[in-house]
Structure formats: structure tokens, C-alpha cells
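Here the structure of chain A is known, so what remains is to put chain B in place on it, guided by the hints.
Here is how the chains run, residue by residue.
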Amino acid sequence: MNTGKSHTMYPSTSGTSVVGLVYDGGVMLAADSLGSYGSLARFRDVKRLFKVTDKAALACSGDIADYQFIREVIEQKVRDDVCGGYTRELNAGALHCWLTRVLYNRRSRFDPLWLECVVAGYKDDEPFLGYVDKIGTAFEAKEVATGFGLHFAVPMIREAREKKQNLSCDEARKLLTECLKVLYYRDCRAHFKYQLADITPEGVTIHDDLNLKKETNWEVANYISGYE
Amino acid sequence: RHQNITGVVDGSQLLVMFRNQYDNDVTVWSPQGRLHQVEYAMEAVKQGSATVGVKSSSHAVLVALKRASSELAAHQKKIMPIDKHIAVSISGLTADARVLSRFMRTECLNEQFAHNQALSLNKLMERVGAKMQIATQRYDKRPYGVGLLLAGFDEDGPHIYQTCPSANYYDCQAMAIGARSQSARTYLERHLDEFRSSTREELIRHALRALRDTLPNDVELTNKNCSIAIVGKGEDLSIYDDDDVNPYLEGLDQEERRGGAGGARDAQPPAAPTAAAEEDDAASAPPPPPTDEQPQGDSMETD
Numbered sequence: 001m002n003t004g005k006s007h008t009m010y011p012s013t014s015g016t017s018v019v020g021l022v023y024d025g026g027v028m029l030a031a032d033s034l035g036s037y038g039s040l041a042r043f044r045d046v047k048r049l050f051k052v053t054d055k056a057a058l059a060c061s062g063d064i065a066d067y068q069f070i071r072e073v074i075e076q077k078v079r080d081d082v083c084g085g086y087t088r089e090l091n092a093g094a095l096h097c098w099l100t101r102v103l104y105n106r107r108s109r110f111d112p113l114w115l116e117c118v119v120a121g122y123k124d125d126e127p128f129l130g131y132v133d134k135i136g137t138a139f140e141a142k143e144v145a146t147g148f149g150l151h152f153a154v155p156m157i158r159e160a161r162e163k164k165q166n167l168s169c170d171e172a173r174k175l176l177t178e179c180l181k182v183l184y185y186r187d188c189r190a191h192f193k194y195q196l197a198d199i200t201p202e203g204v205t206i207h208d209d210l211n212l213k214k215e216t217n218w219e220v221a222n223y224i225s226g227y228e
Numbered sequence: 001r002h003q004n005i006t007g008v009v010d011g012s013q014l015l016v017m018f019r020n021q022y023d024n025d026v027t028v029w030s031p032q033g034r035l036h037q038v039e040y041a042m043e044a045v046k047q048g049s050a051t052v053g054v055k056s057s058s059h060a061v062l063v064a065l066k067r068a069s070s071e072l073a074a075h076q077k078k079i080m081p082i083d084k085h086i087a088v089s090i091s092g093l094t095a096d097a098r099v100l101s102r103f104m105r106t107e108c109l110n111e112q113f114a115h116n117q118a119l120s121l122n123k124l125m126e127r128v129g130a131k132m133q134i135a136t137q138r139y140d141k142r143p144y145g146v147g148l149l150l151a152g153f154d155e156d157g158p159h160i161y162q163t164c165p166s167a168n169y170y171d172c173q174a175m176a177i178g179a180r181s182q183s184a185r186t187y188l189e190r191h192l193d194e195f196r197s198s199t200r201e202e203l204i205r206h207a208l209r210a211l212r213d214t215l216p217n218d219v220e221l222t223n224k225n226c227s228i229a230i231v232g233k234g235e236d237l238s239i240y241d242d243d244d245v246n247p248y249l250e251g252l253d254q255e256e257r258r259g260g261a262g263g264a265r266d267a268q269p270p271a272a273p274t275a276a277a278e279e280d281d282a283a284s285a286p287p288p289p290p291t292d293e294q295p296q297g298d299s300m301e302t303d
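Heads up: the protein sequence lines correspond to chains A and B, in order. With the numbering used here, the residue at position 111 of the first sequence is 111, and numbering never jumps. With the numbering used here, the residue at position 189 of the second sequence is 189, and numbering never jumps.
Chain A with its partners taken away, still in its complex shape (with noise of 0.2 Å):
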């Protein structure tokens, strides 16, 4: 099927990392609001979180274009079963594993979309969390990240998961934050404007424009050399 034609394979403008967590009662997402430019931090209010239906929210690192583009897909497929009046809405299962197969199609077509994505909700009843990537690996686990995030957040979540199982609400958004805040820290491409998911039974609430600059002491930066 080679026509010739070459996609390009690097992403411009990107998020950084994605973070999410099961918690008892529901799923938590977080996402910081930055949208690189190599190494500029050139547009810091991108909203790379967004709810899907009632049972699924969905949210990406990696080429905001590509983002943006997959997201119009899936608010259309929503869309296209609000109008055939179904019952069933697109829940957080179906939407892994329908992306998983996007994305491993356009992999295998050498056109990828640029994407690591964290698929957050609910399927039949049982609170749902997944990661797919522009390869096509997805899997399903109780807590989840991308890029840095996996280097940073998953073991922070692991580590207070082995002193609490379930962890409550209030505890699963501290975490949460605590990881955004640690990678704020750590990663030269994240910023401290961040969206935060959560997802119960009763639906799903994004909150935007949330900030953890007040939270953050740069204080030890005086002791490295060269800061000054």
C-alpha cells in the first residue's frame, strides 16, 4: 500500500503527562493545561481533559492537533447515538477498546496519531480505567499515567495503595494532586494549571482552571548551584 506519501512521525505542539487513579466509589483523571512547543511552554490554558458521556472522560499527552482531532471523532459518535435515540450510552470499555483499534490502525498504516491516552469511567456498573498509545498497547489497570507520569505518579499511587487498598475520595484528589505537583517539579514540560476528572456512578465532573503554584516551595532551589 505504498503510495509513496510519508506522514510525519513527531509531534509539535504537546501535553505532558496524564494521570489517573481508581479510587472506592469512582476514578479520578488529571491533566496540566500546558501545550509545548519543544521546549517553549507556549500555550498554558489547553484543555486536555474531556468528558465523553456520562460514563467515560478521556484524556491525552503527546500532539495536542492530534487531540483535538480525535476528540471531534468521539464527540460525533456521540452525537451520532444521541440522534438515533440508543439507549446505551458509549461507556468508558467501549471507548478503549474502539480507540485501541483506531490507533493501532493508523499505526499500522504508518500515519499514527501521536497520542497516549487515558480512558477513564465506568462499564457495565465496575469503575473502568485504561491507557492506549500511538502504537496500540492499551491495557487496563487500577491506576495509570503517561510519559513522566508513569515514572513518577504510578509509583507514588502504588506506594500509598499498599498502605490503604481503597482509598476515599478526599484521599484519591490529595494523591492526585500530589502527583501533578511532584511532576511540576520533576518535568521541565509540565505547568501548575491542571484539569481534574472525576467519575462516579452519578456522572462525570470536570474541574478546570485548577492551580498548584500556591502549593509548590521552591525554596530548595536555592541550594542548587547555578540557580542564582
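Careful: at least some of the hints might be erroneous.
Short, incomplete list of chain A residues facing chain B, as computed with Cβ under 8 Å [as the list claims (entries may be wrong)]:
| # | residue |
| --- | --- |
| 1 | Tyr86 |
| 2 | Thr87 |
| 3 | Arg88 |
| 4 | Trp98 |
| 5 | Ala141 |
Capping the alpha-carbon separation at 30 Å, the derived lysine-lysine pairs in DSSO-like fashion look like this [unchecked claim]:
| # | chain 1 | residue 1 | chain 2 | residue 2 |
| --- | --- | --- | --- | --- |
| 6 | B | Lys123 | A | Lys77 |
| 7 | A | Lys77 | B | Lys84 |
| 8 | A | Lys51 | B | Lys123 |
| 9 | A | Lys163 | A | Lys181 |
| 10 | A | Lys181 | A | Lys47 |
| 11 | A | Lys142 | A | Lys174 |
| 12 | B | Lys141 | B | Lys66 |
| 13 | B | Lys233 | A | Lys77 |
| 14 | B | Lys224 | B | Lys84 |
| 15 | B | Lys77 | B | Lys224 |
| 16 | B | Lys77 | B | Lys66 |
| 17 | A | Lys174 | A | Lys214 |
| 18 | A | Lys77 | B | Lys131 |
| 19 | A | Lys164 | A | Lys213 |
| 20 | B | Lys224 | B | Lys66 |
These are calculated hints, taken from the structure and not from any lab test. Heads up, the beta-carbon is just placed ideally off N, CA and C, and yes, glycines get one too.
Only chain B this time, still in chain A's reference frame:
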């Protein structure tokens, strides 16, 4: 303008069809605002043998009368599985039914592959309806000459759907289509209030009784000419043929037939009607003739 009147005899009914200049093309309207080709296609459904569908609050059941084109041939399969949660029973052109069944199966498979979930019945019906409608609006196609009864179970519970060659589909509590199905529909209407709370076995018996009412007096339901499909809450689709049908026929009271002159039969499942020699209870009634009601020399295989 020339008008021919042709009469077609089917069972006890006399159909009178007006042939006129508006019926050769499905893309031509009659002055009365009718598409005659579509209506003629619906006649094909009435030629097929009867099938009944009925649902309770937890299960959906299909029963069908299988026809054998001759004594040498096997009884034509009437119920086709579509997925673990959907079965379809056909009446009319079997070949057309197979095309639609294949379409439904691929739709169900695609949903399973792309979304990892079972296809909802209402979604499936919309797609089948859209597909059948194309054939009623193109000059190079003809309507599908088959009526379907679908039984399925999804997140909204059990469903019975009926489709017509007109591409309309109907969500039903109970329905019967095919030859002499009016008798079955009368039974279903009379017992409509009992279905919702019926148990699994009661529901199958209701369906079988309705089906039995479509039979001529000298024909009985046997394990050769009867098919049962059931799907429901916590139960994947099962289709029963031949010996698997026996337990459900046994539960049926063969003597209590609407207007039937049933001979003295015991509770044992009757053997194939042509195997007259083995019957020891054929005291009063002579062995019944084969269940084939198809007019002879009919080239269109409708079942």
C-alpha cells in the same frame, strides 16, 4: 388502460391482486400513493410457513414451523443464530433471509471487535431497516422478499422485533408471521397479559400453542417440523431442533386445540408424521399427511 385481475389461492384465503401499469418498478408510485412492488414482496412473506415470537420480562422466545419441500428433503431451517444474544426466524425467500442474516452477523461481530460489547437490538434494527430501505428506492434493486422475527436480549431486557419487506421494523411484545399466522396472532392477543410474568417454560408453551393454531386440523407439531429459540437474562441463545424440542412438546396438551379434531394421543412425543407404522395410538385417526403445504410446481422456494 388495461387492468387484469388475478386470483391467488393460499390455504383458505382468496387473494385478489390487481395488476396494473404501476407495479413493474419499485421506483414508480401508483396514483393511490402505493408502491406495488413492495406490497407484492410482502405477499412473499405470507407464503412462508408460520413463525411466532413472544417475550416475557426476562426472556424472548421464537418458535417456527419447518417445511420440507418433499418427503425426501430435510425440513428447511427457519431459525438462524446471529450472536450469543440474538436469533432470527424467517418467513419468505430463504435466500434473501440468508443475506440479511449474514449482514446482521457482521454487524454484531464488528461491535464486538471495535467496542468489546454486544450490539444493542435497537441499533441493529436501525441498520437492518436502512439496508432494506435502499432496496425499495432503487431502480436496479428489488425489495427483500422476507419477513424476520428477531428475538434478542440486551441491556434493556428482552426484545421481539418484526421486519417487513417495506423496511419497516416493529418492536413487539409478541408477533406471528407467515402462512395462517392470523390464528397465532389471535391467540397471542388473547393471552397478551400473561406473557410478561411467564416463566421460561410457560413462555415457550405459549409460543408453541400459538404456532399450533396455525396448523391445519390434521397436522401436529412434531420434533421434526418445530424449532425453538430462547434467549434471556443470564442465558445465552439456545436453539432447539429435533430431539431437543421433545421436552417442550411434551409439556403441551396436544388435545386442546382451537377447533382441532385431534385424535386420542398420549403424552409421548409424536414421531415424524410420515412414520405411520410405528404409531400405536393411531386408533381413530389415519396417519397425517406430510406437513408440506407448498403448492406444487412453485419455483420460488419460500419457507
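Evaluation of the provided hints:
1. Tyr86: holds (6 Å)
2. Thr87: holds (6 Å)
3. Arg88: holds (5 Å)
4. Trp98: holds (5 Å)
5. Ala141: violated (16 Å)
6. B/Lys123 / A/Lys77: Distance of about 13 Å is within 30 Å: holds.
7. A/Lys77 / B/Lys84: holds (25 Å)
8. A/Lys51 / B/Lys123: With Cα atoms ~23 Å apart, A/Lys51 and B/Lys123 stay inside 30 Å; holds.
9. A/Lys163 / A/Lys181: holds (21 Å)
10. A/Lys181 / A/Lys47: Given that 30 Å is the threshold and the Cα spacing comes to 18 Å, the pair holds.
11. A/Lys142 / A/Lys174: holds (17 Å)
12. B/Lys141 / B/Lys66: Holds - the C-alpha atoms of B/Lys66 and B/Lys141 are around 29 Å apart, at most 30 Å.
13. B/Lys233 / A/Lys77: Given that 30 Å is the threshold and the Cα spacing comes to 29 Å, the pair holds.
14. B/Lys224 / B/Lys84: OK: B/Lys224 and B/Lys84 at ~24 Å, within 30 Å.
15. B/Lys77 / B/Lys224: Judged against 30 Å, a Cα distance of about 11 Å means the pair holds.
16. B/Lys77 / B/Lys66: The given pair, whose Cα atoms are some 6 Å apart, holds under the 30 Å limit.
17. A/Lys174 / A/Lys214: holds (15 Å)
18. A/Lys77 / B/Lys131: holds (20 Å)
19. A/Lys164 / A/Lys213: With Cα atoms ~28 Å apart, A/Lys164 and A/Lys213 stay inside 30 Å; holds.
20. B/Lys224 / B/Lys66: Measuring from Cα to Cα gives roughly 8 Å; hence the hint holds.
Violation of the numbered hints given earlier is confined to hint 5; every other hint is satisfied by the structure.
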